[in-house]
Amino acid sequence: MSANGNGAVEAVKDTIYRSCLLLDEEKWSDWLDLCDDGFQYSIKAWSPEINYDMTYFSADHKHLSTMTEQLPKHNTDHSPLKRHSTVYTVDVDKDGKTATAITSLVVYQNMLDGETSHLDSGENHLFLVGKYMDKLKIENGQAKFLEREVRLETRRLDKGSHWPI
Amino acid sequence: MPARNQKQWMADPNLQRGEWVDSRIYSDPEIFEEELEKIFKKTWIPVCHESELSEPYDFRTTTIAREPVIVARGPDNTVRAFLNVCPHRGMMIERRPAGSFLEGQPSGNPKRMTCMFHAWQFDMKGNCVYISREKEGYQDRLCKENTGLRRLRCEVAMGGFVWVCLDDKPECSLEEWAGKPFDCIRESIDAEPLEVFHYHKAIINTNYKLWHDTNSEFYHDFMHYHNRVTGFNDEYFARKNIGFEHGHVNVTSFEVNYDEYEGFESREELSFPKFPPNQWFMIDLFPGMNFNLRGSALRCDIMTPLGPNKVMIEFRGLGVKADTPEERQTRIEHHNSIWGPFGRNLHEDLIGVTGQGATMNDGSEPRRILHGRHEDNYIHDEVGLRHYYDEWGKWMDRLPSDPMQKYTAPAVAAE
Numbered sequence: 001m002s003a004n005g006n007g008a009v010e011a012v013k014d015t016i017y018r019s020c021l022l023l024d025e026e027k028w029s030d031w032l033d034l035c036d037d038g039f040q041y042s043i044k045a046w047s048p049e050i051n052y053d054m055t056y057f058s059a060d061h062k063h064l065s066t067m068t069e070q071l072p073k074h075n076t077d078h079s080p081l082k083r084h085s086t087v088y089t090v091d092v093d094k095d096g097k098t099a100t101a102i103t104s105l106v107v108y109q110n111m112l113d114g115e116t117s118h119l120d121s122g123e124n125h126l127f128l129v130g131k132y133m134d135k136l137k138i139e140n141g142q143a144k145f146l147e148r149e150v151r152l153e154t155r156r157l158d159k160g161s162h163w164p165i
Numbered sequence: 166m167p168a169r170n171q172k173q174w175m176a177d178p179n180l181q182r183g184e185w186v187d188s189r190i191y192s193d194p195e196i197f198e199e200e201l202e203k204i205f206k207k208t209w210i211p212v213c214h215e216s217e218l219s220e221p222y223d224f225r226t227t228t229i230a231r232e233p234v235i236v237a238r239g240p241d242n243t244v245r246a247f248l249n250v251c252p253h254r255g256m257m258i259e260r261r262p263a264g265s266f267l268e269g270q271p272s273g274n275p276k277r278m279t280c281m282f283h284a285w286q287f288d289m290k291g292n293c294v295y296i297s298r299e300k301e302g303y304q305d306r307l308c309k310e311n312t313g314l315r316r317l318r319c320e321v322a323m324g325g326f327v328w329v330c331l332d333d334k335p336e337c338s339l340e341e342w343a344g345k346p347f348d349c350i351r352e353s354i355d356a357e358p359l360e361v362f363h364y365h366k367a368i369i370n371t372n373y374k375l376w377h378d379t380n381s382e383f384y385h386d387f388m389h390y391h392n393r394v395t396g397f398n399d400e401y402f403a404r405k406n407i408g409f410e411h412g413h414v415n416v417t418s419f420e421v422n423y424d425e426y427e428g429f430e431s432r433e434e435l436s437f438p439k440f441p442p443n444q445w446f447m448i449d450l451f452p453g454m455n456f457n458l459r460g461s462a463l464r465c466d467i468m469t470p471l472g473p474n475k476v477m478i479e480f481r482g483l484g485v486k487a488d489t490p491e492e493r494q495t496r497i498e499h500h501n502s503i504w505g506p507f508g509r510n511l512h513e514d515l516i517g518v519t520g521q522g523a524t525m526n527d528g529s530e531p532r533r534i535l536h537g538r539h540e541d542n543y544i545h546d547e548v549g550l551r552h553y554y555d556e557w558g559k560w561m562d563r564l565p566s567d568p569m570q571k572y573t574a575p576a577v578a579a580e
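Protein chains in written order, with our numbering: chain A, 1 to 165; chain B, 166 to 580.
The hints are simulated quantities; they were obtained by calculation from the structure and are not laboratory data.
Nothing false has been slipped in among the hints.
Okay, derived cross-link-like pairs now, EDC-like style, lysine to aspartate or glutamate, Cα gap no bigger than 16 Å in a straight line: (1) A:K73 / B:E425; (2) B:K203 / B:E232; (3) A:K82 / A:E123; (4) B:K475 / A:E115; (5) B:K334 / B:E202; (6) B:K439 / B:E357; (7) A:K62 / B:E430; (8) A:K135 / A:D37; (9) A:K73 / B:D386; (10) A:K62 / B:E427; (11) A:K62 / A:D37; (12) B:K207 / B:E232; (13) B:K405 / B:D541; (14) A:K44 / B:E498; (15) A:K135 / A:D60; (16) A:K144 / A:D14; (17) B:K206 / B:D333; (18) A:K73 / B:E427; (19) B:K366 / B:E479; (20) A:K82 / A:D24; (21) B:K486 / B:E220; (22) B:K276 / B:E220; (23) B:K366 / A:E153; (24) B:K486 / A:D53; (25) A:K137 / A:D91; (26) B:K405 / B:D386; (27) B:K439 / B:D355.
The following residues of chain A were derived to be distant from chain B, with all beta-carbon distances above 12 Å: (28) S29; (29) T98; (30) Y108; (31) K135.
Covered stretches of chain B (in silico footprint by chain A; criterion: 3 or more residues with CB under 8 Å from a CB of chain A, positions within the stretch not fixed): (32) 253-263; (33) 368-382; (34) 495-508; (35) 518-525.
Think of the CB as a built atom: it goes at the ideal place given N, C-alpha and C, for glycine as much as any other residue.
Turn these sequences into a full structure, and let the hints guide you.
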């Protein structure tokens, strides 16, 4: 791989890992700043139960922005989600302008509410397992998300979440 | 009134009997076991949708009242249900949630349900068609002709749902049991074949009836910001709760103003067949199933009680089988934005009922749970709950407001 290619790979990894930190800290606007205006986001899972490739959630940049601004008006579980991710592969296109990446993902819930906060707060629960399937554009040595598909293995989601994964 | 002391707190509320229940009906292990025997093993339960086993030899497994059940589509296209139990040594025959018997398994042939343990095989009608070393082991004392599976009552109806009853002689037919409450949406859900596009499950620590309660009252829309801004208007408050025989309840429709929620648009572009745009009907079936037809998507909740304070809820979303890819995508988005695991409302509902479950563990003090709102059966009237618990009391022969006493009719008629 060329020096430019290596630089692109590092830029992609940097953007993915930064996005995880921002999502962990619930800095939604800063996370969306890492995304192109045409960004498309989805959460999907294959269900062997119904033999169907399901979409649990999908939204574009504008929808995500509006949604994250609206969600404080909703009742929600206060337990933050914390991501553990490892970028497995980065494939940079020949022209060096776009790349795809696959990131292994485990999300834990750091309990604050739980069922009884007296007992549960401070505990971590495994929330879901999956992958980030990302497409990014690379400009001036920096990578921005064009598409993110959160591909879940988990289909038992209990209380679920209001927030992007 | 100021905060109450223990005596005041434990006193019966200043309401009529039938307008509250005792929280022990949500937490007592003995009552829970009795519910499985007296209710769940006796009533019709929707276990899946026929589109989940769309081809001959497809199967789906489930449980009712802890009994393992398998539903399979035969080569004659008939869907049948059996106990998922081998008559030999009691092994569960099929362990996967779904699949096809067209392929052979390590212990058995294609087109057979095979118990992996000792390779006994069954056809799609539940006949035992092969016992390994039959003559050598049983001589003429036992033969495959007498070792078929346990068949169960099974019907495909009400929009293509697969209904099973563990009781060979149910109190009434499925049509008599659930037909009337479905009349409000039957023309739409039976117009053409449907297909499940969404499935996820929640296993949460609460009693199954508390989830049904939430589905049966709209007073809790105060919890849902989305529903307040898209719904609270004169038409919303003109909706009525309608009780049916067997403890079932309908909620009549109104036009939802989705575009009042920032980021959402009107959903009039797509509806269900013969269903006016942006309408919303709800059917709550005793003892714990819910069907919601909201504009373009049908939602179905099926509850599997796991313990006094534990329930699995399976959530399904359905569209029309003949949908174009664009129509299907629209239905999925409409469904998920409110009812998906990352949608606006479902998360709130699940927080609500787990919060109730946390205060009603076995051994918690018995409390009065109020069902006493009267608003002429309009939308925030709790008549749906009263109607349900009167039926529950009859099936259980227990008084919901004092479950250690035998059932008697409530002072306030469960309209």
